[in-house]
Amino acid sequence: MSKINKEVIELITSGYFNDPFSVLGIHKTNNEYSLRAFYPNALEIYVLDKKSSEILVKLEQIKQSGFFIGSLAAYPENGYKLKINWGEAQQIIEDPYRFGTLIHDLDGWLLAEGKHLRPYECLGAHPACLDHVHGIVFTLWAPNARRVSVIGDFNCWDGRRHPMRLRKEIGIWELFIPDIQVNQLYKYELIDHKGHLRLKTDPYAFKNSLFPHAASVISPLPLCKPSVEKETQTNQAVVPISIYEVHLGSWRRHAHDNSWLSYRELAEQLIPYVKEMGFTHIELMPISEYPFDGSWGYQPVGLYAPTSRFGSVEDFIYFIDTAHKNDIKVLLDWVPAHFPSDECGLAEFDGTALYEYADPREGFHQNWNTLIYNYNRYEVANFLAGNALYWLERFGIDGLRVDAVSSMIYRDYSREDGAWIPNKFGGKDNLEAIEFLRYTNNVIKKNCPNAIVIAEESTDYPKVTHPPENSGLGFDFKWDLGWMHDTLKYMALDPIYRQYHHNQMTFGMLYAHSEQYILPLSHDEVVHGKGSLLAKMSGDHWQKFANLRAYYGFMWGHPGKKLLFMGNEFAQGREWNHDISLDWHLLDPIHNGWHNGVQKLVRDLNHCYQQNSALYQLDYSPEGFEWLVVDDHKNSVFAFARRDEQGNEIIVIANFTPVIRENYRIGLHREGKYSEIINTDSEYYRGSNAGNMGAIKTEPVACHHKPHSLCLILPPLTTLYLKRETNSAKN
Numbered sequence: 001m002s003k004i005n006k007e008v009i010e011l012i013t014s015g016y017f018n019d020p021f022s023v024l025g026i027h028k029t030n031n032e033y034s035l036r037a038f039y040p041n042a043l044e045i046y047v048l049d050k051k052s053s054e055i056l057v058k059l060e061q062i063k064q065s066g067f068f069i070g071s072l073a074a075y076p077e078n079g080y081k082l083k084i085n086w087g088e089a090q091q092i093i094e095d096p097y098r099f100g101t102l103i104h105d106l107d108g109w110l111l112a113e114g115k116h117l118r119p120y121e122c123l124g125a126h127p128a129c130l131d132h133v134h135g136i137v138f139t140l141w142a143p144n145a146r147r148v149s150v151i152g153d154f155n156c157w158d159g160r161r162h163p164m165r166l167r168k169e170i171g172i173w174e175l176f177i178p179d180i181q182v183n184q185l186y187k188y189e190l191i192d193h194k195g196h197l198r199l200k201t202d203p204y205a206f207k208n209s210l211f212p213h214a215a216s217v218i219s220p221l222p223l224c225k226p227s228v229e230k231e232t233q234t235n236q237a238v239v240p241i242s243i244y245e246v247h248l249g250s251w252r253r254h255a256h257d258n259s260w261l262s263y264r265e266l267a268e269q270l271i272p273y274v275k276e277m278g279f280t281h282i283e284l285m286p287i288s289e290y291p292f293d294g295s296w297g298y299q300p301v302g303l304y305a306p307t308s309r310f311g312s313v314e315d316f317i318y319f320i321d322t323a324h325k326n327d328i329k330v331l332l333d334w335v336p337a338h339f340p341s342d343e344c345g346l347a348e349f350d351g352t353a354l355y356e357y358a359d360p361r362e363g364f365h366q367n368w369n370t371l372i373y374n375y376n377r378y379e380v381a382n383f384l385a386g387n388a389l390y391w392l393e394r395f396g397i398d399g400l401r402v403d404a405v406s407s408m409i410y411r412d413y414s415r416e417d418g419a420w421i422p423n424k425f426g427g428k429d430n431l432e433a434i435e436f437l438r439y440t441n442n443v444i445k446k447n448c449p450n451a452i453v454i455a456e457e458s459t460d461y462p463k464v465t466h467p468p469e470n471s472g473l474g475f476d477f478k479w480d481l482g483w484m485h486d487t488l489k490y491m492a493l494d495p496i497y498r499q500y501h502h503n504q505m506t507f508g509m510l511y512a513h514s515e516q517y518i519l520p521l522s523h524d525e526v527v528h529g530k531g532s533l534l535a536k537m538s539g540d541h542w543q544k545f546a547n548l549r550a551y552y553g554f555m556w557g558h559p560g561k562k563l564l565f566m567g568n569e570f571a572q573g574r575e576w577n578h579d580i581s582l583d584w585h586l587l588d589p590i591h592n593g594w595h596n597g598v599q600k601l602v603r604d605l606n607h608c609y610q611q612n613s614a615l616y617q618l619d620y621s622p623e624g625f626e627w628l629v630v631d632d633h634k635n636s637v638f639a640f641a642r643r644d645e646q647g648n649e650i651i652v653i654a655n656f657t658p659v660i661r662e663n664y665r666i667g668l669h670r671e672g673k674y675s676e677i678i679n680t681d682s683e684y685y686r687g688s689n690a691g692n693m694g695a696i697k698t699e700p701v702a703c704h705h706k707p708h709s710l711c712l713i714l715p716p717l718t719t720l721y722l723k724r725e726t727n728s729a730k731n
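With UniProt numbering as the guide, the letters of the sequence shown map in order to residues 1 to 731.
Incorrect hints may have been included.
As the list claims (entries may be wrong) - What follows is a set of in silico ranges between Cβ atoms, one per label pair, in the way DEER data are often shown:
1) Asp-293 / Pro-462: 29 to 39 angstroms
2) Gly-195 / Asn-31: 38 to 48 angstroms
3) Lys-51 / Asp-158: 27 to 37 angstroms
4) Asn-442 / Asn-592: 47 to 57 angstroms
5) Lys-275 / Asn-663: 40 to 50 angstroms
What the hints assert, rightly or not - Okay, derived cross-link-like pairs now, EDC-like style, lysine to aspartate or glutamate, Cα gap no bigger than 16 angstroms in a straight line:
6) Lys-225 / Glu-314
7) Lys-536 / Asp-524
8) Lys-723 / Glu-676
9) Lys-168 / Glu-113
10) Lys-168 / Asp-105
11) Lys-706 / Glu-671
12) Lys-723 / Asp-644
Just so you know, these hints were derived from the structure itself, not from any lab. From the three backbone atoms N, C-alpha and C, an ideal C-beta is built for every residue, glycine too.
Hey, can you work out the whole structure from these sequences and the hints?
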């Protein structure tokens, strides 16, 4: 029997040995085979013939240390198992230290180079069958750790029992543990670069337990979702997109105990509601596992794990499938800009700044007290880009809204002079973050051509929605936060003063065709003391509702795709609170229909929008828009035409004063009878019901340099949509 150095045994039994495969398992030594095993608290260990279960040898324990050793004259022809006597129970197991390396050379090279499109297929915890043995393969990137072990309820959370093999050339630790099952909890125990003990969840875990327990859960990789759309690519710029932004934890709750609805309950309640309301997309605020409810998901620690707050991975897939069956697409709010400093997460993962920039002038986000990903590191960029593809391919997510893009692309974002590090050219652009975004968008385009990627970019950074080959970032759409801020400021003004701020409603069209914009009224506008959208409107009770209805009408008529945060569709009066349900009781009869009216209007705007291609087909083309009245600041009236490729028109007219404008003339190119298809002052929406009796004919009176005109009644604080009837006289 070969002898093992005493110091090595002490390192193994104390949990400080970093090369377990050099000692544990079966090894050829001189003219025999030496078998060593470490099982603390075991009384006896026998080596069994795997086929016959015959005892081949009893291992000798070294000084009650849990370290056992024995020898065989020849390698067991049928293989072997270990029979362990624990005193009160016996156990027959496979030896995890008899298996070879796990990560294939090509995968290892691709991971190290940051070129593996799907790193989650190699890293993390994966059920596997090796040499006819079922178990779990664990792999973890932690190149600077001194020792890494898998711990879980299958080994008493003892980091000494399952130390991993380090593949030094790629910095990845690996271990196959036989006979353990899915749904078991696990973590990684690291002795880090500084010699400190750390407990970490798996960055690539597909499921995590709820905090504060902070453990990963062994879960199989979700199957790829087949995409029937991959065969033909759709130009998303020319289709209707109306997005309902949702926080799953507070859209609706159980009334009896304020508990969350499950994914399946949300599928049965939220999806039909969204369909009835005419939205085309649901945008989910981040659902990657996160520890702090108050972060709303924007500080995730389990980027690959749908939060288990609302159910299982299978339940989440059911939610998405239900949406698709109802022709609703699902977008996911995605957070590649930063991550929290929770000890169980990515922060100083192996004792070094592994996922984050080392210098706090690059790696610490002062506004959010979070850490910034080091996009210059191949493995980190690969981790993030692979995550984007993971959600699209494995869950059938239809697109991503990328959070906080501005904080990624500017090194001086929210920093004072001297608190940031210039790039290699002395500039403020984060070149590696820009390259990461371009690369990720390119990967998505090639592999999921119908997925859309939306940038929340709050500056005037150029060419956000232009292709990378034209020096763009490669996004499909960008939030138009400038339009949102300008128009909300205008709506907050007393109508008396709006005439002096007329350009706040028109300025957006000066740059509207420079990018492919989405007009967002998001959660950001109804939190942190900003009040609700209804509260932002000027005036008394009826004026606030009329203003909001008119504003929505203006927004849905304006070029750009639409986004509305939940609760705003029925004019919730208070700020959003993530801890409770929306105020659905406002739709009860006791509230006299004010909120129902706004809800009905949003529903009708959505359906009108989808049914009239003039309102969306040429959003990003000058041919799709024409100002008809742009300079009537004294009356605070705006009018414009929206057109599609066939020349069909919708005329949009907004009166942002509480005064009825009678005999208001607007010039048109085409004569005929125009139906009033939307009137935000309709009694159906709880308005005063002023208007044009449902339809009006043009007169041969030149106006605004056009040969025909309409003489209209413009109701107070109202937006009208007019559509030329198809049987009208032709030019």
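Going down the list of hints, with the structure as the test:
no.: 1; hint: Asp-293 / Pro-462: 29 to 39 angstroms; result: holds (37 angstroms)
no.: 2; hint: Gly-195 / Asn-31: 38 to 48 angstroms; result: holds (40 angstroms)
no.: 3; hint: Lys-51 / Asp-158: 27 to 37 angstroms; result: holds (31 angstroms)
no.: 4; hint: Asn-442 / Asn-592: 47 to 57 angstroms; result: holds (53 angstroms)
no.: 5; hint: Lys-275 / Asn-663: 40 to 50 angstroms; result: holds (42 angstroms)
no.: 6; hint: Lys-225 / Glu-314; result: holds (13 angstroms)
no.: 7; hint: Lys-536 / Asp-524; result: holds (13 angstroms)
no.: 8; hint: Lys-723 / Glu-676; result: holds (7 angstroms)
no.: 9; hint: Lys-168 / Glu-113; result: holds (15 angstroms)
no.: 10; hint: Lys-168 / Asp-105; result: holds (13 angstroms)
no.: 11; hint: Lys-706 / Glu-671; result: holds (10 angstroms)
no.: 12; hint: Lys-723 / Asp-644; result: holds (13 angstroms)
In terms of the numbered hints stated before, the structure departs from none.
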